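K.L.:
Going left to right, the first sequence walks through residues 1 to 214 as my numbering numbers them.
Any given hint might turn out to be false.
Straight-line alpha carbon distances no greater than 16 Å define the calculated EDC-like cross-link-like pairs of lysine to aspartate or glutamate that follow [to be verified]:
hint: 1; residue 1: 13; residue 2: 186
hint: 2; residue 1: 3; residue 2: 175
hint: 3; residue 1: 91; residue 2: 112
hint: 4; residue 1: 63; residue 2: 112
It is worth saying that the hints were derived from the structure and are not from the lab. Treat the numbers as computed from the prediction; the structure is a model and nothing was measured.
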Amino acid sequence: MSKTKVLLEIYQKMLNSFGQQKWWPGETPFEVIIGAILTQNTNWSNVEKAIRNLRTARKLSPKAIHELDITELSGLIKPSGFFNIKARRLKSFINWLFLKYEGNLSKLFAQDLQTLRNELMAVKGIGPETADSILLYAGNQPTFVVDAYTHRIFSRHGFIPEESSYDEIKSFFEDNLPKDVKLYNEYHALLVKIGKIFCKPKKNCEECPLKDFL
DNA sequence: TGCCAGGCCGGGT
DNA sequence: ACCCGGCATGGC
1 MSKTKVLLEI YQKMLNSFGQ QKWWPGETPF EVIIGAILTQ NTNWSNVEKA IRNLRTARKL
61 SPKAIHELDI TELSGLIKPS GFFNIKARRL KSFINWLFLK YEGNLSKLFA QDLQTLRNEL
121 MAVKGIGPET ADSILLYAGN QPTFVVDAYT HRIFSRHGFI PEESSYDEIK SFFEDNLPKD
181 VKLYNEYHAL LVKIGKIFCK PKKNCEECPL KDFL
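Kindly generate the complete structure, drawing on both the sequences and the hints.
P.N.:
See below:
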């Protein structure tokens with residue numbers, strides 16, 4: 001059976017079991033970007049608290065965060081953990097956004113995908129996963145997001161080598177799936193859903209519903 | 001109670 | 001080109 005067929009069958013199975021995830025859980029592209037940075041190695045429920053703080057303080061816009069004192073910013077995002085480093089990361093992204101795109105997300109996303117991905121990753125605090133999350137979920141660009149669950153689920157069952165790099169795993173999906181934003185969106189969201197339940201670092205895979213395929 | 005969370009950076013090999 | 005410690009809160 002071809003890899004494409006297997007990947008699509010896995011997708012169907014996840015979709016049948018868990019339904020559409022309707023990611024990203026954010027109301028605006030800007031809010032998606034903030035969430036993408038804040039959720040680095042952090043539970044989403046903690047990120048929600050941080051975003052709620054920002055919303056209540058009326059600091060959920062590029063301009064507001066640009067003008068916000070970094071100490072106040074780190075105070076507001078405290079529940080998301082790593083708050084000092086993340087305050088710096090938010091600031092570095094926003095500074096770059098104003099420097100190059102006048103604080104305007106439409107201008108940011110109106111350019112070639114590869115160029116944009118490279119530029120995003122050059123911003124301090126934005127690595128490959130955060131860049132891809134921003135591009136896919138805030139910019140509706142066809143780039144596949146790889147995360148710890150993706151790597152763990154597919155390597156654990158021997159589908160990809162354990163030592164695969166981020167870009168190797170990303171290519172594995174993109175080379176074998178139709179280039180479709182909606183598909184990439186749901187696929188990643190469903191893998192996170194499955195991973196949270198069945199694929200912890202030191203825990204069972206035994207009941208993973210994808211066992212038959214992988 | 002320890003483990004885990006939708007990573008990334010910087011310094012050392 | 002890898003490897004690893006640090007970063008920190010909150011839920012189960």
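K.L.:
Could you tell me which of the numbered hints above are not met by this structure, giving the numbers in increasing order?
P.N.:
3, 4
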